[in-house]
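**Q** Chains as they are written, first to last, in this note's numbering: chain R, 2 to 550; chain H, 20 to 253.
Worth flagging that the hints you see were computed from the coordinates, not collected in a lab. One thing to keep in mind: the hints can contain errors.
Taking lysine-lysine and the BS3-like style, the derived pairs with C-alpha atoms no more than 27 Å apart in a straight line are [said to hold, decoys possible]:
{"id": "1", "chain 1": "H", "residue 1": "K199", "chain 2": "H", "residue 2": "K68"}
{"id": "2", "chain 1": "R", "residue 1": "K444", "chain 2": "H", "residue 2": "K205"}
{"id": "3", "chain 1": "H", "residue 1": "K199", "chain 2": "H", "residue 2": "K102"}
{"id": "4", "chain 1": "R", "residue 1": "K197", "chain 2": "H", "residue 2": "K102"}
{"id": "5", "chain 1": "H", "residue 1": "K138", "chain 2": "R", "residue 2": "K349"}
{"id": "6", "chain 1": "R", "residue 1": "K360", "chain 2": "R", "residue 2": "K349"}
{"id": "7", "chain 1": "R", "residue 1": "K360", "chain 2": "R", "residue 2": "K444"}
{"id": "8", "chain 1": "R", "residue 1": "K360", "chain 2": "R", "residue 2": "K476"}
{"id": "9", "chain 1": "H", "residue 1": "K138", "chain 2": "H", "residue 2": "K205"}
{"id": "10", "chain 1": "H", "residue 1": "K102", "chain 2": "R", "residue 2": "K360"}
{"id": "11", "chain 1": "H", "residue 1": "K68", "chain 2": "H", "residue 2": "K205"}
Computed from a predicted model, the values in this text were never measured in an experiment.
Spelled out from the first residue to the last, the chains are:
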Amino acid sequence: MSTGLENGLEVSEDDLETLIGDRALDREDHVNAPGFVVRPDQVQEVLTDLRDEAGFDHLSCLTAQQYENRYESIYHLKKYADPTQEVSVVVPTAVDEPVSQSAAPVFRTADWHEREAYDLVGIEYDDHPDLRRILLPDTWQGHPLSLEYDQEQPQVVTLSEHENPVQPDHHDTESDTMFLNIGPHHPATHGVLHVKAVLDGETVVDVDPDIGYLHRCEEQMCQSGTYRHQIMPYPDRWDYVSAGLLNEWAYARAAEDLADIEVPEYAQVIRTMSAELCRIAAHMLALGTFALDVFGDFTAVFQYAFRDREVVQDILEDLTGQRLMFNYFRLGGVAWDLPEPREEFFEKTREFLDDLPAKAEEYHNLITANEIFQVRCVDTGILEPEVAKQYGCTGPVARGSGVDYDLRRDDPYGYYPELEWNVVTEDGMDNYSRVLVRMQEVKESAKIIEQCIDVLEEWPEDDREIQANVPRTLKPDADTEVYRAVEAAKGELGIYMRADGTDTPARFKIRSPCFHNLSTLAEMAQGEYIPDLIASLGSLDIVLGEVDR
Amino acid sequence: MSNEPRQKTYETAAPSTDTRDARMGEGMDDRFNSKLREAFGASPFILTKFDEFMNWVRGSSMFMLQFGIACCSIEMIHTYAIKHDLDRFGAGVPRASPRQADVIIVPGTIVSKFGPRMKRVYDQMPEPKFVVGMGSCTISGGPFQEGYNVVKGAEEIIPVDIHVPGCPPRPEALVYGVAKLQERIKNGESSPVVVKPYELEEFGDLPRDELVQQLADRIDEEDLVMRYNWADSP
């Protein structure tokens, strides 16, 4: 096979067909990508070929689902160099014996994904390093997203793993290590994350993030809601640190592609502007809480960050009527136009943007120029770009490791292609770089908002179309499948949907950037000191609502 | 210095008040006639019951537990932070340890895996303790009520004194909720436990039904467990 297919070069469907050859049992056509059906015992082979020969180095998502007559795992592959090139590898397995080969040796990120698929749907993966439940408690009975699951059956959940960490049995007398529970109720875990750490003195020997303390069935909720109105409120609650509109956009984009809806350009400008406001708010929170984690600054930086968030939230409240859970996007546009009087809204937003450079300077003085901060962050929590790619990292975490990947530019949507802005990357690969990336992204977002306001001001009054004409009940054709992603605050937020001809999706899968980013924690923290573990965890900027969904 | 002779400090037992009187000037001394003094009446003493005094103290200085669960915790942080500043109401000291806290604000959805942990955190708080349920999820499970993994309200596990509805409630609403809690504490009211079906108990004490039999070889008899009877949930 020629190696010219590597990197970002275009791979045609014919090339893929030749590459996969006889191993493809069948072809499927997803809205976003061609799909190849392969046998469950050839998964590793096919994925290795696609990665090494055709350059698909990004396992973006793994969707598992059950049909009446089979289970199915879909591997959604992309390229970091060009995410518009996608391919889906579909692996069907029998109902009576749902066993499929694991992709974990090819892509590290498949490890967690397959655990989730096992947990929720019940597919088993051969050759998986550690196949156990990830979101639900170990003692859970049944697989909730499988078809025969009975939600009414009682469940028993243990508290045994919650033992006192300094109990004698947590000491391993031979190797002199100590087991330490961090969380799920701990100020440094940013919510309800449980980190099981094994320490040798102050050095972290092993670390295992235990997630699922906020697994509130988001996928099930979306599968029982109608496309048109009932799903949109949920995205707000995935990444809930004011990044709601960015999440809503992920659903809007996927559903609009699924149902073939064209969004008016005016609505796209409003979407772009409001989404970037959300990004600023989200990064401010990341900054404030990180400063709190690293040098315990509950007074200055934390409060400043919240002061600035209040301003953004005020603006967003004027626009959407809500401080946090906006529910502002609609399929085919947005709920309503800018608030009247428009001049006042523009003025208020401009004022915020004008103040931003001075504030950014203040943050630089307080945070990044602070010696203590630098000692804590520079060269700690190293994440090599190749490792980041293996784990499917995206967003500021990947860009802090020098991976130049931003869907706003690489897989354009909304009004972004018409605007002037830059993708920020840093080569430091450490906690410090990730903070720098976020701080600079705030400035880039400000640039985008400013240009959007200019465009909106100039927009002719009789052409302000905020919503396309979308039928009241949306029923996309049966068996259409789509996987679409947008650049949310934490990275690539993707949605997979399969329509079955009704007004609710048959399968709704959320690809959460935080889920991938968090899975790198062990890589970053092993062999480092325990305070660096806390710093690394903070710099990943996870939101448990999105990790656990 | 004035030319007046100095006050005699000998051959008298009267207190030497000349300097003080001179500084105070003519007329009534109104330095102590504050509103508070007026309220107290003629005597500078208050007569109250010790219980009432303790209730007043409890309500006026509440230590909150720093306890974040989900979306509502973001609004809760905003309530503590600049602009809303819950500290103004004598309730703004977030403690990281439950052993130092009086009030737990439950800010978010409780799922099956977190239920036993929240119960444990609550048990670790010293008496008297108070619970503010923040958001719809702590009332009924909120938007996630139909979920297979969601506990239908915080009251299934711990008693709740004040419910603040909203998804999420605005910081103003939480401030109001806390103020209401203070009022209740001041009046010595405490909430009756309404529903509380989920308890932490030893696995060996559970009735040996089918589910327990299945799990018998995986869970020790002494392990603490929480049994969720979803079918009985509201």
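**Q** Quick one, are K199(H) and K68(H) close enough, alpha carbons at most 27 Å?
**A** holds, 22 Å
**Q** Is the straight-line distance between the alpha-carbon of K360(R) and that of K476(R) 27 Å or less?
**A** Roughly 48 Å separates the two Cα atoms, so the pair is violated.
**Q** Taking 27 Å as the top limit, are the C-alpha atoms of K138(H) and K205(H) close enough?
**A** holds, 26 Å
**Q** Given the hinted pair K68(H) and K205(H), is their Cα-Cα distance within 27 Å?
**A** holds, 12 Å
**Q** Do the alpha carbons of K360(R) and K349(R) lie within 27 Å of each other, as the hint requires?
**A** Holds, because 16 Å separates the two Cα atoms, which is no more than 27 Å.
**Q** Straight-line Cα separation of K360(R) and K444(R) no greater than 27 Å?
**A** holds, 11 Å
**Q** Straight-line Cα separation of K197(R) and K102(H) no greater than 27 Å?
**A** Violated, at about 37 Å.
**Q** Would you mind confirming whether the straight-line C-alpha gap from K102(H) to K360(R) stays at or under 27 Å?
**A** Roughly 17 Å separates the two Cα atoms, so the pair holds.
**Q** Assess, step by step, whether the Cα of K444(R) is no farther than 27 Å from the Cα of K205(H), and give holds or violated.
**A** Outside the cut-off at roughly 49 Å; violated.
**Q** Quick one, are K138(H) and K349(R) close enough, alpha carbons at most 27 Å?
**A** violated, 45 Å
**Q** Measure nothing beyond the straight line between the CA atoms of K199(H) and K102(H); if it is 27 Å or shorter, mark the hint as holding.
**A** Between K199(H) and K102(H) the Cα gap is close to 20 Å, so the pair holds against 27 Å.
Of the hints listed earlier, those the structure fails to meet are numbers 2, 4, 5, 8, in rising order.
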